[in-house]
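Student: Protein chains in written order, with this note's numbering: chain W, 1 to 174; chain B, 175 to 300; chain X, 301 to 586; chain C, 587 to 1227; chain Z, 1228 to 1585; chain H, 1586 to 1707.
These are calculated hints, taken from the structure and not from any lab test. For each residue, glycine too, the CB sits at the ideal point set by N, CA and C. Watch out, some of these pointers could steer you wrong.
To be verified - Heads up, simulated DSBU-like pairs for lysine-lysine below, C-alpha to C-alpha not over 35 Å straight-line: (1) C:Lys933 <-> C:Lys673; (2) Z:Lys1420 <-> Z:Lys1430; (3) H:Lys1600 <-> Z:Lys1420; (4) Z:Lys1461 <-> Z:Lys1539; (5) B:Lys184 <-> Z:Lys1430; (6) Z:Lys1513 <-> Z:Lys1315; (7) C:Lys1155 <-> W:Lys14; (8) Z:Lys1508 <-> H:Lys1647; (9) Z:Lys1471 <-> X:Lys560; (10) B:Lys234 <-> Z:Lys1513; (11) Z:Lys1419 <-> H:Lys1636; (12) W:Lys142 <-> C:Lys1155; (13) Z:Lys1409 <-> Z:Lys1420; (14) W:Lys6 <-> W:Lys140; (15) B:Lys184 <-> B:Lys234; (16) H:Lys1600 <-> W:Lys6; (17) Z:Lys1461 <-> Z:Lys1420; (18) W:Lys142 <-> H:Lys1647; (19) H:Lys1647 <-> H:Lys1687; (20) H:Lys1636 <-> W:Lys142; (21) H:Lys1687 <-> W:Lys14; (22) Z:Lys1510 <-> B:Lys180; (23) Z:Lys1510 <-> Z:Lys1499; (24) Z:Lys1508 <-> Z:Lys1471; (25) Z:Lys1409 <-> Z:Lys1461; (26) W:Lys6 <-> C:Lys673; (27) H:Lys1687 <-> H:Lys1600; (28) Z:Lys1513 <-> Z:Lys1539; (29) Z:Lys1409 <-> Z:Lys1419; (30) Z:Lys1539 <-> B:Lys234.
What the hints assert, rightly or not - Going by beta-carbon spacing under 8 Å, a handful of chain C positions derived as facing chain X: (31) Met1006; (32) Pro1018; (33) Phe1112; (34) Ser1163; (35) Val1167.
Here's the letter readout for the chains.
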Amino acid sequence: MGFFTKLLETSRVKSPWIVHFDCGSCNGCDIEILACLTPIYDVERFGILNIGNPKHADILIVSGTVNHRNAKVLRNVYDQMPEPRAVIAIGACGTSGGIFREAYNVVGGVDKVIPVDVYVPGCPAKPEAIIDGVVLALGKLKEQRTAKDTDSLAAELHQAREFYANRADRQVVE
Amino acid sequence: MALETKNIAKTQLQAEVASLKAVGYRFVTLSCVDLGDSFDLIYHFDRELQMTHLRITVLKGDTVPSISNIYFAALCIENEIKDFFGISFDGLILDFGGHFYLEEEVKRYPFCKVSVKEPQAAKEGN
Amino acid sequence: MDIKSIIFVILALIFAPVAGGFLAGIDRRLTAWCQGRFGPPILQPFYDVFKLLGKDRQVVNTWQIFCAHIYLISSMLSLALFAMQSDLLMIFFVMTIGAVFMVIGALSTPSPYSQIGAQRELIQMLTYEPLLVIVFVGIYFVTGSFKISDIVAYDRPIFLILPLLYLVLTFALTIKLRKSPFDISACHHGHQEIVRGVLTEYSGPYLAILEIAHWYDIVLILAICSLFWTTSAIGMFFLLAITYLAEIVIDNITPRLTWKWMLTYVWAVGITLSLFNMALLYAKSF
Amino acid sequence: MVSQMVWVSIVLPFLAAIGCLIDSKPLRSILVVGTGVAVSLASLLLVQGQAFSLNPETIFGIPADGLIAVLDFALLFVILGISYQLKNKLIAVLTVLQIIPLAFLELFLHGAENTAPSIYGDQLSMIMSLIISIIGSLICIYGLSYMEEHEHHLHVEKSRQGRFFFFMVLFLGAMNGLVFANNLLWLYFFWEVTTLCSFMLIKHDGTDIAVANATRALWMNMLGGVAFILGLVILRAKGLPLALQELISTPGVASLALLPVGLLCFAGFTKSAQVPFQSWLCGAMVAPTPVSALLHSSTMVKAGVYLVIRLAPAFAGTLFSHYVALFGAFTFLTTALLAISQSNGKKILAYSTISNLGMIIACAGINTPAAMAAAILLIVFHAISKGLMFLCVGTIEQRIGSRDIEDMRGLIRIMPRTAMIAVIGMVTMFLPPFGALLSKWMAVEASARLPLVVLMLAIGSAFTMVFWGRWLGLVMTSVMGEAQEPEEQSPLVRVPLVILAAAAIVVSFVAPGLYSAMVLPVLERFYSTDLYIAAQGVFINNIGMFAVFPIFLVMVLGVAWAARASSGKRVHQRAYSTPYVAGLQDPANPQRIGFKGPLGQWANFTTSNYYMDAWIGEGRISGWINLISSGILIILLTGVL
Amino acid sequence: MSTIIPFGPQHPVLPEPLHLKITLKDEIVTDAIPMLGYVHRGLETLVSIKDLDQMVQVVERVCGICSCIHAHTYCMCVEGILGIEIPKRAEFLRIIWSELHRMHSHLLWLGLLADAFGMESLFMHCWRIRERVMDVMEATAGNRVIISINKVGGVRRDLSPDQLRWIAQVLDELERELDAIKPVLTNDYTVKKRTVGVGVLTKEQAYELGAVGPTLRGSGVAQDVRMTGYGAYKFIDFEPVVEKDGDSYARTMVRFRELYQAIDIVRQLIRKLPDGELSVKVKAAKPEGEIVCRSEQPRGELLYYVKGNGSKFLERVRIRTPTFANVPPLLAMLPGIEMADVPVVALSIDPCISCTER
Amino acid sequence: MFDMTRTIIANFFSKAHTRLYPLQTREPFPNVRGNLFNNIEECILCGMCQKRCPSQCITVDKESQTWQVDPYACVYCGVCVEHCPVHCLFMESPYRKPAAEKVMNRLVQVQGPAKKTKGAAQ
């Protein structure tokens, strides 16, 4: 039994398939994520594949700010990933909303919608930083987790939406 | 540095745009600025790298004739302005109904500094 | 059926996925080299499959599970039948069960990508199946039998007699390997307009089952290729190695093409080549 | 004993048919079920024995040959009357073209005295009789409940079921007569009875399109009839016996009687709807489903291929034989292609039938023992599976109100029972280890020496896989945890379906035994080399082998394992995930399949198979197919002159 | 009898969230309706909270791939309203970086196109040689993608003679690598099979639907905003790259030839680079008035409309990005093509959705 | 159809272009805008960086003598470094490492140059 558990753990660490969701990023981080796949960085060395389908993926890489429209999509993509899974937020926008935090259609960082395991700062994050982030996320994959209760997060998201919908950086009179 | 624009009335718009198209102008885009109680709409056209601009000024709550029947390319920008400023365009070919960019959660007309009364229909819709 | 063939079958069933996995690993490594990359470890496909086996189960409906299992069973069965040196055509038909059930599994999910993938997979099968039958008929022409035991016993390398038919067989191999330009219904890296086609809705352990079944299939098709040089082990090895290298090169120098092109081109070229080869044979026999 | 059984299977349906005309539902049910059981038992009892021949001098005290002759004329005049009624000159001409040679034959041509027995039954006849009696009866029984529903659905005021079952039951008798007849004039009589019956059944609903299609069926079959009777006239003129067995066992018959044999084959082609005559069988789809089932699976079309198979030894080794193979293979290929372009379920079944018949005829043309074995086995397996499929489609149609396979998407949750049976029917049609594929395997191996034929068979069988595979898949489209509606099936529907489904599997399983017991004796009469030996459930000859039992065994275990793995107990409800729609699904309602599209509108899951109308639409390529096949047919017939 | 496909927002082929509801019949697209707004941030409204210097950083992040040109155009606008002449060297440096951006953008796009038609090796090749450009960017400007080199009044960094020599060296290398894949794009049967005749946009259509940039030039219209001679372009000799056929292949070739053109322009710039200041001091600028500036992005014509109201916060910044103008032509090209060609055609306009939606 | 072959073969026989990143790290280029630091002891807490930062990620609190940057909101533009009057802000070449928790870069001035500057001014 121990052997199989170990084998499973090794396999999980050695084969993280990623799905990348561009969540309102300026493309800077997206191209850096893609650059990771290319010969210079070649993350396939670690078994990382950009599989593009949440149902096959282990790691969700999100770049960019969350807005009201793509928050739902992000949530859906996350929901379709089978456990064990990890989420990496890339770039200033993904981690906190970055320079756009105050724009009206921005909810904030990825952690406003789904639980984030690793934050990769940078604007845009460098490919090396993204590789570091994935390596950090691998630790999360090792532990077998069952579907976690994310109801509290949903409530948080609702609050965030309320707040951003009603904030008063624009004066509007009837 | 001032922008040379040709000020025209709302009613002349269709005819003016059609005549520009007839002489080979390409529709570039449409800019909109909130002036407080009215909007400035600036139509940008281009012919062989020479630009010409038309400006119409409309009161808030007014509708503007759409030029998407003349230039299909105006479709996107008119929908965008409808989202941002709440200006209604008459005869828009494909109307996204103010949800071109924005979800329901977002407050209406985010680009207006001061928005006057919402159109009656929209309010009932809420 | 004697003890020897039973042992042979068991060995084949155990070692085929291992060989298939290693082959896939080597394939990925060599592909990486072709692209100027370092490439994953050779054992990567095994890591992938083990990881998938340990993931949460997630299905759209239970038919998917059923179909995945049937695919695996039929692939194993067809390989076992090959190891028993039975009839080529029968093996081919048994292999069809698996292919059809994979399509059914994809069609059973109400997902547009999966559905399109299934339709394309059907067209891929439509493309390669007649070619395989023609290849088998060609082998029969030479050896006078569809039975592998008789084919193996033939005293000359069939490749030298049927070089063009071998080319036709490699078309089928390319389609079956899901390599460019024929990775139309599902491709390995998943950057496709239909996501991953037939595999879109499979996930976790069921995807792993499909992958293992795919390895069995690959080994079987390569085994069929090996029938073209049965007189010496070295010849067989070189034939297979060169074939596989050619597949990797072709994969890297061509984009994915559309199914319409595939159907017309592969049929036109395949049928012409095989008829030409047959005509040559006829000419020789007179 | 044998003679009673033969009479039961031929004459009893004729009598029962007349009984069916009485407008009483219970009586009709009893008659149909009773006749079905009786003929089935009779055919089963016949199988016990060896080949036999009978030569009844009289039927009910009337001289038999004379009675048949009189009935022949009566029949032709009935058809003439019909042609008058339809105001169709073509049919009238064709009928007259039969009356004249028949009269000429009966009155003026007295060749050698007919000493051959009028009735002959070998294993092939017995197989045919089994198919006709059992599957035909099951279809008739199914028809009882179907027609109730059908007439209810059409709001028919006065039930016309009496007439319907008259022809249905008559059909069984005529077919049984056809397969047991040795005297070609008898055979001709039964042949024409089936033509008439099929005409009446196709136009049963009386709509304009039904009448038009029935008319087409009639003239095409009458064309075959003309060829048939001409063949008989030439045979008699050449002084050859008008008896099947004597004809094929006459040494050197191939050189002597190729023309009449060719004409008889032509009659067989029309009856089994080979291209370019495929349109009548497709048109026959307008009839109520039991009619289609009967025409397609056990009767009518099987009469044509039966005749060709019977005659095959007579033209073995000739160029004609090769052309027949080519012709059959061409039919196989093109109708399978046409089936891909269809979305109408019954049309698909119709083209698939023609395609399979083409394969049978191709086998007859290949004319090796392996090919003949394939042909005979394919008749059996095709009859079972196709009968099952038609009954399923009929049942489905009555429930969902459509024959379109696109409407059958997700059938498994609306009618789980019927859908499962339909799935079995489809699987047995095209996947190993079931009989239809076994026969296909035999056919391909047998045709391996004919490059063009094997090419057509290979491509055609790939087409077959496409249209069955996608139909099979879309029936199962569903998501987990969807509420399944319980399905009610009347026993009159369920019994035939279950029996046929079980038969489709069981008969495939016992195929080696069936082959040894029933097919081998037929083949051994004419062929001595290259015969398959079916030992221990494995077909073997010197070029190939097919392991029926081992594959069955592994697949049964595999299906059991797969079913266990996918059973509700092993898969938790929590495992359900919505299909991937690029992240646009509705998380609030996971069972709602589709995505939130532009303008905030919900787009339901919509999909469709590829029918490729632009490439291979029926209207687009039918003309070409007819042209080419007519060409082959003309070469074939001029070849025998 | 049709299949409806949700194409995006999360889709392996489209790196960016654009949704197209595509209706197919036998894999032929009969209808395509777009949905935008997945990247919409509303950064034009940020003018009211970020002053005109901070806005440079904001507009750079409209789009990461052509950030330098965004900032350049914005600075041109503000400088235009303020009436500032910037040093000539600054203008040259701006264009050098802009053209480097164009190179990396086109190479990136070429890779994505290769990925869209499933040619992984070409994707890898393009992205590998692109890394050389990225290295130049990182070494000279301090960041790989968003280089933050522009500011109102000039540029923030200088290029040393060593760096210029290195850039020239990299350009030679780049040219060699491009020559290696030239036959693949111009000659290869399978590549041509996927691009020639796919997504045809006629000259009239392109003009009428307002296509810009390589999409327009691929249809045979010689329109390149660089010909107006903004910035340092007035000192440079170049001809706009034009192809006639208007299909995906033509657009590919336009971008591929523009790579060579960009190499040539940078070489000219390095050769002609004048000495001088890097920037002029802009003290407490309070612009008033409105202006429209255009520039040529890798994707086409970029238009900024800026209105100042006499405070350090601008009244309105309006950005019309090239992809925004190329969306209507894309919608016109989609019906009638095959499903497999949708990514190829969609990429042939080089969509940049984050530009489009801002 | 075989136009890519040459490139493929060349790649196949040459060394991989990959930088084996975690095993071999490349020296970062000089002047690369990486992690933002404050030489807090020299900081005069003038708040210029806070005012200039386009991303509003710097918070300067004179009361508690803290200078805080949110490295997860910082866009690494370097504007603050340019505008710092005492040049105590600097950007290191190495980038900021990813982390599982968002930790602010909070610096408290224990003994600053405040007096010195005051004195200088007077």
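Student: Regarding the pair Lys1510 (chain Z) and Lys180 (chain B), is the alpha-carbon distance no greater than 35 Å?
Tutor: Judged against 35 Å, a Cα distance of about 33 Å means the pair holds.
Student: Quickly compare the C-alpha distance for Lys1461 (chain Z) and Lys1420 (chain Z) to 35 Å and report which way the hint goes.
Tutor: 39 Å, violated
Student: For the pair supplied as a hint, Lys1155 (chain C) and Lys14 (chain W), confirm whether the alpha-carbon distance does not exceed 35 Å.
Tutor: 32 Å, holds
Student: Against chain X, run the beta carbon of Val1167 (chain C) and see if the smallest gap drops under 8 Å.
Tutor: Nearest chain X Cβ about 7 Å off; hint holds.
Student: Is it true that the CA of Lys1687 (chain H) sits at most 35 Å from the CA of Lys14 (chain W)?
Tutor: Given that 35 Å is the threshold and the Cα spacing comes to 26 Å, the pair holds.
Student: Verify the proposed pairing of Lys1420 (chain Z) with Lys1430 (chain Z), using a straight-line Cα cut of 35 Å.
Tutor: 22 Å, holds
Student: Would the pair Lys1409 (chain Z) and Lys1461 (chain Z) pass a check requiring their Cα atoms to be no farther apart than 35 Å?
Tutor: Holds, at about 30 Å.
Student: Would you check the hint for Lys1419 (chain Z) and Lys1636 (chain H), treating anything up to 35 Å between C-alpha atoms as holding?
Tutor: 54 Å, violated
Student: Closer than 8 Å between Cβ atoms is the bar; does Phe1112 (chain C) clear it against chain X? Give me holds or violated.
Tutor: 23 Å, violated
Student: Is the Cα-Cα distance between Lys1513 (chain Z) and Lys1539 (chain Z) 35 Å or less?
Tutor: OK: Lys1513 (chain Z) and Lys1539 (chain Z) at ~5 Å, within 35 Å.
Student: So if I understand the rule, the pair passes when the alpha-carbon distance is 35 Å or less; does Lys1539 (chain Z) with Lys234 (chain B) pass?
Tutor: Between Lys1539 (chain Z) and Lys234 (chain B) the Cα gap is close to 27 Å, so the pair holds against 35 Å.
Student: Holds or violated: are the alpha carbons of Lys1687 (chain H) and Lys1600 (chain H) at most 35 Å from each other?
Tutor: Violated, at about 39 Å.
Going down the numbered hints, you'll see the structure goes against 11, 17, 18, 20, 24, 26, 27, 31, 33, while the others check out.
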